[in-house]
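Residue numbers (this note's numbering), protein chains in the order written: chain A, 17 to 129; chain B, 1042 to 1155.
One or more of the hints may lead you astray.
[As the list claims (entries may be wrong)] Listed next, with one range per pair, are the computed distances between beta-carbon atoms:
| no. | chain 1 | residue 1 | chain 2 | residue 2 | range |
| --- | --- | --- | --- | --- | --- |
| 1 | A | Ser-44 | B | Ile-1053 | 41 to 49 Å |
| 2 | B | Gly-1057 | A | Pro-97 | 40 to 48 Å |
| 3 | B | Asn-1125 | A | Tyr-87 | 30 to 38 Å |
| 4 | A | Lys-83 | B | Pro-1124 | 40 to 48 Å |
[Said to hold, decoys possible] As a list, the in silico EDC-like pairs of lysine to aspartate or glutamate whose alpha-carbon atoms are at most 20 Å apart:
| no. | chain 1 | residue 1 | chain 2 | residue 2 |
| --- | --- | --- | --- | --- |
| 5 | B | Lys-1059 | B | Glu-1071 |
| 6 | A | Lys-58 | B | Glu-1071 |
| 7 | A | Lys-58 | B | Glu-1042 |
| 8 | B | Lys-1058 | B | Glu-1071 |
| 9 | B | Lys-1106 | B | Glu-1071 |
| 10 | B | Lys-1058 | B | Glu-1120 |
Keep in mind the hints are simulated off the structure, nothing from the lab. Glycine residues also receive a C-beta, built at the ideal position from the N, C-alpha and C atoms.
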Amino acid sequence: QKEVEQDPGPLSVPEGAIVSLNCTYSNSAFQYFMWYRQYSRKGPELLMYTYSSGNKEDGRFTAQVDKSSKYISLFIRDSQPSDSATYLCAMSARNSGYSTLTFGKGTMLLVSP
Amino acid sequence: EAQVTQNPRYLITVTGKKLTVTCSQNMNHEYMSWYRQDPGLGLRQIYYSMNVEVTDKGDVPEGYKVSRKEKRNFPLILESPSPNQTSLYFCASSANREVRTEAFFGQGTRLTVV
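Full structure from sequences and hints, please.
Take a look at the structure:
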């Protein structure tokens, strides 16, 4: 079983829709959860960062972590064509001040006008 | 402007010809990493550095070398490139001491080895 699973998509939605992007994981030691957005031909850009379980909101974006289910989500409200990108989840386990990141393979999101 | 700068952005080379991809950050970050991104495989860490003169292997270090002589620079060296190192490479940096969130990524270097 892969450590981090993420549906590659593409996920196509109309402008204004609520988007739900998800990752599942198997390593119960993961405590830090990140979401990155990657536009075509660009480097990943850190969107959200959460520790342990719970929700975190930043503008139109909400990150949700359910450690009991080993499941994380990113919700995008009022989606815009500019949100069209690949979204990567990433996770790490705290380990003596340094932890490598494990990335999902990314979900491609297409928001049509 | 805070940024991670990689050069070159695109590179085509031949098998066995040594090359270096440079990475520089202007944020005084301690942590720097190199990743490669391949279709169907996602981002995989090659090497990382926790500070000057401190480097360690990531998940896929074979065929690569790095050095960290200055805090701002973290070059990736391919001593004898092979076609299976054709990939999109990213350098990243972060300052978080407790958890490794890759805060900033470079724009990427697309390498083709023929």
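To see whether the hints hold, each was checked on the structure:
Look at Ser-44/A against Ile-1053/B: about 44 Å separates their beta carbons, and that is inside 41 to 49 Å. Taken as a hint, the range 40 to 48 Å holds for the pair Gly-1057/B and Pro-97/A, whose Cβ atoms sit roughly 45 Å apart. Take Asn-1125/B and Tyr-87/A: their Cβ atoms lie about 34 Å apart, and the range 30 to 38 Å holds. The beta-carbon spacing between Lys-83/A and Pro-1124/B, approximately 41 Å, falls within the hinted interval of 40 to 48 Å.
For the proposed pair Lys-1059/B and Glu-1071/B, the alpha carbon gap of about 27 Å is over 20 Å, so the pair is violated. Annotation: proposed proximity of Lys-58/A to Glu-1071/B is violated, straight-line Cα distance about 23 Å (limit 20 Å). A hinted pair counts as satisfied when its Cα atoms are at most 20 Å apart, and Lys-58/A with Glu-1042/B qualifies at roughly 17 Å. Simply put, Lys-1058/B and Glu-1071/B have alpha-carbon atoms about 31 Å apart, too far for the 20 Å limit, and the pair is violated.
Annotation: proposed proximity of Lys-1106/B to Glu-1071/B holds, straight-line Cα distance about 19 Å (limit 20 Å). Taking the CA atoms of Lys-1058/B and Glu-1120/B, the gap is near 7 Å; set against the 20 Å cutoff, the hint holds.
Of the hints listed earlier, those the structure fails to meet are numbers 5, 6, 8, in rising order.
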